[in-house]
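Numbering (the numbering used here), first residue to last: 2 to 362.
A portion of the hints provided could be inaccurate.
Said to hold, decoys possible - Calculated pairs, DMTMM-like style, for lysine to aspartate or glutamate (alpha carbon to alpha carbon, straight line, at most 25 Å):
| hint | residue 1 | residue 2 |
| --- | --- | --- |
| 1 | LYS319 | GLU291 |
| 2 | LYS319 | ASP5 |
| 3 | LYS199 | ASP243 |
Source of the hints: derived by calculation from the structure; they are not laboratory data.
Being a predicted model, the structure only gives us computed values, none of them experimental.
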Amino acid sequence: MTLDLSLLPDGGLQWLAPTGEHASIVLSSRIRLARNLAGFAFPPRAREGERLRVLQAVRQAVPQLEGLCDGVVVRVDECTAAERLLLHERHLVSRELAGLDAAQGAPTAGAVVVTGDVGLMVNEEDHLRLQVFRSGFDLEGALRHAEGLDRGLGGIVPYAAHPEFGFLTSCPTNTGTGLRASVLIHLPALVMTQEIGKVLQGLQHMGLTHRGLYGEGSEVLGNLFQISNQTTLGRSEGELVDQLARVVRRVIEREEEARRVLRREAGYIIEDKLWRAYGTLRHARSLSGEEAMQLLSGVRLAASLQLVTGLSVYTLNKLLIFSQTAHLMHGAGRPLTEGEASVARARYVRLVLAAEARITD
2 MTLDLSLLPD
12 GGLQWLAPTG
22 EHASIVLSSR
32 IRLARNLAGF
42 AFPPRAREGE
52 RLRVLQAVRQ
62 AVPQLEGLCD
72 GVVVRVDECT
82 AAERLLLHER
92 HLVSRELAGL
102 DAAQGAPTAG
112 AVVVTGDVGL
122 MVNEEDHLRL
132 QVFRSGFDLE
142 GALRHAEGLD
152 RGLGGIVPYA
162 AHPEFGFLTS
172 CPTNTGTGLR
182 ASVLIHLPAL
192 VMTQEIGKVL
202 QGLQHMGLTH
212 RGLYGEGSEV
222 LGNLFQISNQ
232 TTLGRSEGEL
242 VDQLARVVRR
252 VIEREEEARR
262 VLRREAGYII
272 EDKLWRAYGT
282 LRHARSLSGE
292 EAMQLLSGVR
302 LAASLQLVTG
312 LSVYTLNKLL
322 IFSQTAHLMH
332 GAGRPLTEGE
342 ASVARARYVR
352 LVLAAEARIT
362 D
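Produce the complete structure using the sequences and hints provided.
Have a look at this one:
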(Lines of atoms letter the chains of each structure in order from A; the text may use other names.)
(Lines give C-alpha, C1' and ligand atoms only; values in the text may rest on other atoms or scores of the structure.)
Protein backbone atom coordinates (compact mmCIF):
# COMPACT_ATOMS: atom_id res chain seq x y z
CA MET A 2 0.00 0.00 0.00
CA THR A 3 0.98 3.65 -0.33
CA LEU A 4 0.50 5.66 2.84
CA ASP A 5 -1.59 8.78 2.15
CA LEU A 6 -0.84 11.15 5.01
CA SER A 7 -3.63 13.50 3.91
CA LEU A 8 -6.14 10.88 5.09
CA LEU A 9 -4.88 11.02 8.69
CA PRO A 10 -6.81 13.59 10.78
CA ASP A 11 -4.34 16.42 11.52
CA GLY A 12 -1.70 14.08 10.20
CA GLY A 13 -1.98 12.30 13.53
CA LEU A 14 -0.09 15.23 15.09
CA GLN A 15 -2.78 17.28 16.81
CA TRP A 16 -0.72 17.16 20.01
CA LEU A 17 2.04 19.31 18.47
CA ALA A 18 -0.11 22.43 18.75
CA PRO A 19 1.05 24.17 21.97
CA THR A 20 -2.43 24.74 23.37
CA GLY A 21 -2.08 22.96 26.71
CA GLU A 22 -0.79 24.06 30.08
CA HIS A 23 2.99 24.67 30.34
CA ALA A 24 3.33 24.03 26.59
CA SER A 25 6.75 25.72 26.44
CA ILE A 26 8.11 22.94 28.69
CA VAL A 27 5.73 19.98 28.25
CA LEU A 28 5.19 19.00 24.64
CA SER A 29 2.51 16.39 25.27
CA SER A 30 0.72 14.18 27.78
CA ARG A 31 -0.25 10.63 26.88
CA ILE A 32 -2.43 7.93 28.37
CA ARG A 33 -1.98 4.41 26.97
CA LEU A 34 -4.20 1.48 27.92
CA ALA A 35 -3.19 -2.10 27.13
CA ARG A 36 -6.08 -4.50 26.51
CA ASN A 37 -6.59 -8.00 25.14
CA LEU A 38 -9.76 -9.53 23.74
CA ALA A 39 -11.34 -12.39 25.64
CA GLY A 40 -11.29 -15.73 23.87
CA PHE A 41 -8.16 -15.11 21.77
CA ALA A 42 -4.56 -16.09 22.33
CA PHE A 43 -2.45 -13.06 23.20
CA PRO A 44 -0.29 -11.73 20.33
CA PRO A 45 3.01 -13.44 21.29
CA ARG A 46 1.21 -16.83 21.05
CA ALA A 47 -1.45 -16.01 18.47
CA ARG A 48 -1.44 -17.55 15.00
CA GLU A 49 -2.09 -15.53 11.86
CA GLY A 50 -5.76 -16.49 11.72
CA GLU A 51 -6.40 -15.28 15.26
CA ARG A 52 -4.59 -12.02 14.60
CA LEU A 53 -6.74 -11.43 11.54
CA ARG A 54 -9.93 -12.15 13.52
CA VAL A 55 -8.86 -9.65 16.19
CA LEU A 56 -8.30 -7.02 13.50
CA GLN A 57 -11.69 -7.78 11.96
CA ALA A 58 -13.37 -7.43 15.36
CA VAL A 59 -11.75 -4.01 15.79
CA ARG A 60 -12.77 -2.93 12.28
CA GLN A 61 -16.38 -3.80 13.10
CA ALA A 62 -16.26 -2.04 16.48
CA VAL A 63 -14.68 1.25 15.38
CA PRO A 64 -17.70 2.62 13.40
CA GLN A 65 -19.92 2.04 16.45
CA LEU A 66 -17.77 4.03 18.85
CA GLU A 67 -18.05 7.78 19.20
CA GLY A 68 -14.55 9.19 19.23
CA LEU A 69 -13.20 6.52 16.88
CA CYS A 70 -15.90 6.23 14.22
CA ASP A 71 -14.13 8.75 11.97
CA GLY A 72 -10.79 7.02 12.39
CA VAL A 73 -8.58 5.92 9.54
CA VAL A 74 -7.39 2.31 9.70
CA VAL A 75 -3.83 1.79 8.45
CA ARG A 76 -2.57 -1.75 7.93
CA VAL A 77 0.96 -1.28 9.21
CA ASP A 78 2.03 -4.71 7.97
CA GLU A 79 1.17 -3.60 4.43
CA CYS A 80 3.26 -0.41 4.61
CA THR A 81 6.80 -0.11 3.33
CA ALA A 82 9.68 0.07 5.80
CA ALA A 83 9.97 3.84 5.21
CA GLU A 84 6.24 4.34 5.81
CA ARG A 85 6.38 2.33 9.03
CA LEU A 86 9.30 4.44 10.23
CA LEU A 87 7.33 7.61 9.41
CA LEU A 88 4.39 6.41 11.49
CA HIS A 89 6.80 5.73 14.33
CA GLU A 90 8.37 9.18 14.02
CA ARG A 91 4.88 10.63 14.49
CA HIS A 92 4.39 8.55 17.67
CA LEU A 93 1.45 6.76 16.05
CA VAL A 94 2.99 3.30 16.37
CA SER A 95 5.60 1.71 18.61
CA ARG A 96 8.92 0.29 17.42
CA GLU A 97 7.42 -3.18 17.85
CA LEU A 98 4.37 -2.51 15.70
CA ALA A 99 6.51 -0.75 13.08
CA GLY A 100 8.78 -3.79 13.02
CA LEU A 101 11.88 -1.60 13.23
CA ASP A 102 13.88 -4.22 15.11
CA ALA A 103 12.55 -7.27 13.30
CA ALA A 104 13.91 -8.68 10.06
CA GLN A 105 10.42 -9.75 8.99
CA GLY A 106 8.94 -6.29 9.42
CA ALA A 107 5.67 -5.42 11.15
CA PRO A 108 3.69 -8.19 12.90
CA THR A 109 0.99 -9.94 10.92
CA ALA A 110 -2.34 -8.06 10.91
CA GLY A 111 -0.66 -5.15 12.70
CA ALA A 112 -2.66 -1.97 12.28
CA VAL A 113 -3.36 1.44 13.77
CA VAL A 114 -6.57 3.46 13.92
CA VAL A 115 -5.90 7.21 13.88
CA THR A 116 -8.32 10.02 14.62
CA GLY A 117 -7.51 13.43 16.05
CA ASP A 118 -5.59 12.98 19.28
CA VAL A 119 -6.47 9.27 19.58
CA GLY A 120 -4.64 6.23 18.26
CA LEU A 121 -5.49 2.54 18.61
CA MET A 122 -2.68 0.07 17.87
CA VAL A 123 -3.84 -3.43 16.98
CA ASN A 124 -1.85 -6.66 17.38
CA GLU A 125 1.24 -5.18 18.95
CA GLU A 126 2.44 -6.77 22.23
CA ASP A 127 -1.24 -6.81 23.24
CA HIS A 128 -4.29 -6.99 21.02
CA LEU A 129 -5.08 -3.33 21.68
CA ARG A 130 -3.03 -0.34 22.76
CA LEU A 131 -5.35 2.66 23.10
CA GLN A 132 -3.49 5.98 23.16
CA VAL A 133 -4.85 9.45 23.89
CA PHE A 134 -2.59 12.46 23.44
CA ARG A 135 -3.01 15.99 24.78
CA SER A 136 -1.00 19.07 24.05
CA GLY A 137 1.04 20.33 27.00
CA PHE A 138 0.46 19.16 30.55
CA ASP A 139 -3.00 17.60 30.67
CA LEU A 140 -2.80 14.08 32.05
CA GLU A 141 -6.21 14.37 33.69
CA GLY A 142 -7.91 15.37 30.44
CA ALA A 143 -6.20 12.58 28.55
CA LEU A 144 -7.27 10.06 31.20
CA ARG A 145 -10.93 11.12 31.08
CA HIS A 146 -10.97 10.79 27.31
CA ALA A 147 -9.20 7.41 27.39
CA GLU A 148 -11.53 6.01 30.06
CA GLY A 149 -14.59 6.96 28.02
CA LEU A 150 -13.25 5.33 24.89
CA ASP A 151 -12.13 2.29 26.86
CA ARG A 152 -15.60 1.75 28.36
CA GLY A 153 -17.23 2.05 24.96
CA LEU A 154 -14.81 -0.26 23.21
CA GLY A 155 -14.92 -2.82 26.04
CA GLY A 156 -18.70 -2.90 25.72
CA ILE A 157 -18.38 -4.03 22.11
CA VAL A 158 -15.33 -6.31 22.24
CA PRO A 159 -15.10 -7.93 25.73
CA TYR A 160 -11.68 -7.72 27.35
CA ALA A 161 -9.65 -10.46 28.98
CA ALA A 162 -9.72 -9.72 32.71
CA HIS A 163 -9.35 -11.41 36.10
CA PRO A 164 -11.47 -10.50 39.16
CA GLU A 165 -8.35 -10.18 41.33
CA PHE A 166 -5.61 -9.08 38.94
CA GLY A 167 -7.58 -6.81 36.64
CA PHE A 168 -6.90 -6.52 32.91
CA LEU A 169 -4.64 -9.29 31.63
CA THR A 170 -1.69 -8.35 29.44
CA SER A 171 1.18 -10.09 27.67
CA CYS A 172 3.74 -8.44 29.96
CA PRO A 173 3.10 -8.92 33.71
CA THR A 174 4.21 -5.36 34.50
CA ASN A 175 1.18 -4.04 32.61
CA THR A 176 -1.35 -6.30 34.34
CA GLY A 177 -3.91 -4.52 36.49
CA THR A 178 -4.95 -1.22 34.98
CA GLY A 179 -2.85 -1.75 31.86
CA LEU A 180 -2.11 1.97 32.06
CA ARG A 181 1.00 3.86 31.06
CA ALA A 182 0.79 7.59 31.69
CA SER A 183 3.59 9.75 30.36
CA VAL A 184 4.63 13.30 29.58
CA LEU A 185 7.13 14.41 26.97
CA ILE A 186 9.03 17.22 28.65
CA HIS A 187 11.83 19.58 27.57
CA LEU A 188 14.42 20.14 30.33
CA PRO A 189 17.38 22.05 28.83
CA ALA A 190 17.97 24.33 31.83
CA LEU A 191 18.18 21.43 34.27
CA VAL A 192 20.73 19.82 31.97
CA MET A 193 22.75 23.04 31.68
CA THR A 194 22.77 23.62 35.44
CA GLN A 195 23.72 19.97 35.96
CA GLU A 196 20.68 19.39 38.17
CA ILE A 197 19.15 16.80 35.87
CA GLY A 198 20.86 13.85 37.60
CA LYS A 199 19.20 14.65 40.91
CA VAL A 200 15.84 15.03 39.21
CA LEU A 201 16.08 11.69 37.41
CA GLN A 202 17.25 9.94 40.56
CA GLY A 203 14.23 11.36 42.38
CA LEU A 204 11.93 9.90 39.73
CA GLN A 205 13.25 6.41 40.43
CA HIS A 206 12.61 6.83 44.16
CA MET A 207 8.99 7.72 43.31
CA GLY A 208 8.47 4.57 41.23
CA LEU A 209 8.64 6.48 37.93
CA THR A 210 10.99 6.11 34.99
CA HIS A 211 12.38 8.23 32.19
CA ARG A 212 13.17 7.46 28.58
CA GLY A 213 13.97 9.32 25.37
CA LEU A 214 11.70 10.91 22.78
CA TYR A 215 10.41 7.55 21.57
CA GLY A 216 10.01 5.75 24.86
CA GLU A 217 11.57 2.46 25.88
CA GLY A 218 14.94 1.81 24.32
CA SER A 219 15.30 5.28 22.82
CA GLU A 220 18.16 7.65 23.54
CA VAL A 221 17.59 11.02 25.19
CA LEU A 222 18.20 13.66 22.51
CA GLY A 223 17.48 17.37 22.47
CA ASN A 224 16.99 17.37 26.26
CA LEU A 225 13.60 15.71 25.71
CA PHE A 226 12.58 13.23 28.38
CA GLN A 227 9.55 10.95 28.53
CA ILE A 228 8.53 10.50 32.16
CA SER A 229 6.07 7.71 32.99
CA ASN A 230 4.85 5.27 35.61
CA GLN A 231 6.62 1.90 35.88
CA THR A 232 4.00 -0.46 37.33
CA THR A 233 0.23 -0.74 37.09
CA LEU A 234 -0.83 -3.54 39.44
CA GLY A 235 -2.48 -2.70 42.75
CA ARG A 236 -3.32 0.93 42.04
CA SER A 237 -6.19 2.61 40.20
CA GLU A 238 -5.83 4.64 37.02
CA GLY A 239 -6.58 7.83 38.95
CA GLU A 240 -3.95 7.10 41.60
CA LEU A 241 -1.27 6.41 39.00
CA VAL A 242 -2.05 9.59 37.09
CA ASP A 243 -2.29 11.73 40.23
CA GLN A 244 1.13 10.62 41.39
CA LEU A 245 2.73 11.28 38.02
CA ALA A 246 1.03 14.68 37.76
CA ARG A 247 2.32 15.76 41.18
CA VAL A 248 5.88 14.77 40.34
CA VAL A 249 5.79 16.39 36.90
CA ARG A 250 4.51 19.66 38.36
CA ARG A 251 7.54 19.67 40.65
CA VAL A 252 9.86 18.96 37.71
CA ILE A 253 8.28 21.85 35.79
CA GLU A 254 8.89 24.15 38.76
CA ARG A 255 12.53 23.09 38.93
CA GLU A 256 13.02 23.66 35.20
CA GLU A 257 11.45 27.12 35.48
CA GLU A 258 13.73 27.97 38.39
CA ALA A 259 16.77 26.69 36.49
CA ARG A 260 15.87 28.96 33.57
CA ARG A 261 15.68 31.94 35.90
CA VAL A 262 19.08 31.02 37.37
CA LEU A 263 20.63 30.80 33.91
CA ARG A 264 19.34 34.24 32.93
CA ARG A 265 20.41 35.77 36.24
CA GLU A 266 23.84 34.22 36.72
CA ALA A 267 25.03 33.35 33.22
CA GLY A 268 23.01 35.63 30.99
CA TYR A 269 25.58 36.51 28.33
CA ILE A 270 27.00 32.98 28.20
CA ILE A 271 23.56 31.45 27.73
CA GLU A 272 22.53 34.04 25.17
CA ASP A 273 25.69 33.37 23.17
CA LYS A 274 25.14 29.61 23.32
CA LEU A 275 21.53 29.85 22.19
CA TRP A 276 22.23 32.40 19.47
CA ARG A 277 24.97 30.14 18.13
CA ALA A 278 22.46 27.30 17.98
CA TYR A 279 20.03 29.49 16.09
CA GLY A 280 22.72 30.77 13.73
CA THR A 281 23.85 27.24 12.92
CA LEU A 282 20.32 26.13 12.09
CA ARG A 283 19.77 29.21 9.92
CA HIS A 284 22.91 28.67 7.85
CA ALA A 285 24.04 25.03 8.07
CA ARG A 286 24.20 23.06 4.81
CA SER A 287 24.31 19.65 6.47
CA LEU A 288 22.81 18.49 9.77
CA SER A 289 22.76 15.03 11.30
CA GLY A 290 19.62 14.03 13.13
CA GLU A 291 21.32 14.17 16.52
CA GLU A 292 22.87 17.59 15.85
CA ALA A 293 19.55 19.00 14.67
CA MET A 294 17.81 17.80 17.83
CA GLN A 295 20.41 19.38 20.09
CA LEU A 296 20.33 22.70 18.22
CA LEU A 297 16.53 22.77 18.11
CA SER A 298 16.54 22.25 21.86
CA GLY A 299 18.61 25.39 22.26
CA VAL A 300 16.38 27.41 19.96
CA ARG A 301 13.26 26.16 21.74
CA LEU A 302 14.78 27.42 25.01
CA ALA A 303 15.70 30.72 23.35
CA ALA A 304 12.10 31.18 22.21
CA SER A 305 10.75 30.48 25.71
CA LEU A 306 13.21 33.05 27.13
CA GLN A 307 12.04 35.51 24.43
CA LEU A 308 15.50 35.86 22.94
CA VAL A 309 14.00 35.01 19.57
CA THR A 310 10.60 36.49 18.79
CA GLY A 311 8.16 35.57 16.06
CA LEU A 312 9.19 31.93 16.15
CA SER A 313 6.29 29.85 17.43
CA VAL A 314 6.55 26.85 19.70
CA TYR A 315 4.32 25.03 17.22
CA THR A 316 6.89 25.52 14.45
CA LEU A 317 9.69 24.22 16.67
CA ASN A 318 7.60 21.23 17.72
CA LYS A 319 6.93 20.38 14.07
CA LEU A 320 10.62 20.70 13.23
CA LEU A 321 11.41 18.03 15.83
CA ILE A 322 9.25 15.57 13.89
CA PHE A 323 9.43 16.71 10.26
CA SER A 324 13.23 16.94 10.22
CA GLN A 325 13.54 13.22 10.92
CA THR A 326 14.73 10.81 8.28
CA ALA A 327 11.51 9.13 7.14
CA HIS A 328 9.76 12.49 6.83
CA LEU A 329 12.62 13.84 4.73
CA MET A 330 12.42 10.78 2.47
CA HIS A 331 8.67 11.19 2.17
CA GLY A 332 9.19 14.82 1.13
CA ALA A 333 11.85 13.85 -1.40
CA GLY A 334 9.74 11.02 -2.76
CA ARG A 335 12.67 8.60 -2.70
CA PRO A 336 15.12 6.88 -0.36
CA LEU A 337 17.98 9.06 0.90
CA THR A 338 21.48 8.13 1.93
CA GLU A 339 22.65 9.38 5.30
CA GLY A 340 24.54 12.21 3.63
CA GLU A 341 21.58 13.18 1.46
CA ALA A 342 19.30 13.16 4.51
CA SER A 343 21.69 15.50 6.36
CA VAL A 344 21.66 17.94 3.42
CA ALA A 345 17.86 17.72 3.08
CA ARG A 346 17.43 18.23 6.82
CA ALA A 347 19.54 21.38 6.86
CA ARG A 348 17.68 22.78 3.84
CA TYR A 349 14.28 22.07 5.35
CA VAL A 350 15.17 23.67 8.70
CA ARG A 351 16.65 26.74 6.99
CA LEU A 352 13.54 27.30 4.91
CA VAL A 353 11.15 26.93 7.86
CA LEU A 354 13.13 29.29 10.11
CA ALA A 355 13.66 31.87 7.36
CA ALA A 356 9.94 31.92 6.60
CA GLU A 357 8.82 32.57 10.18
CA ALA A 358 11.45 34.08 12.46
CA ARG A 359 11.83 37.78 13.17
CA ILE A 360 14.97 38.50 15.10
CA THR A 361 15.37 40.98 17.95
CA ASP A 362 19.00 41.66 18.86
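So, against the hints stated earlier in the document, which numbers end up violated here? No hint contradicted; all consistent.
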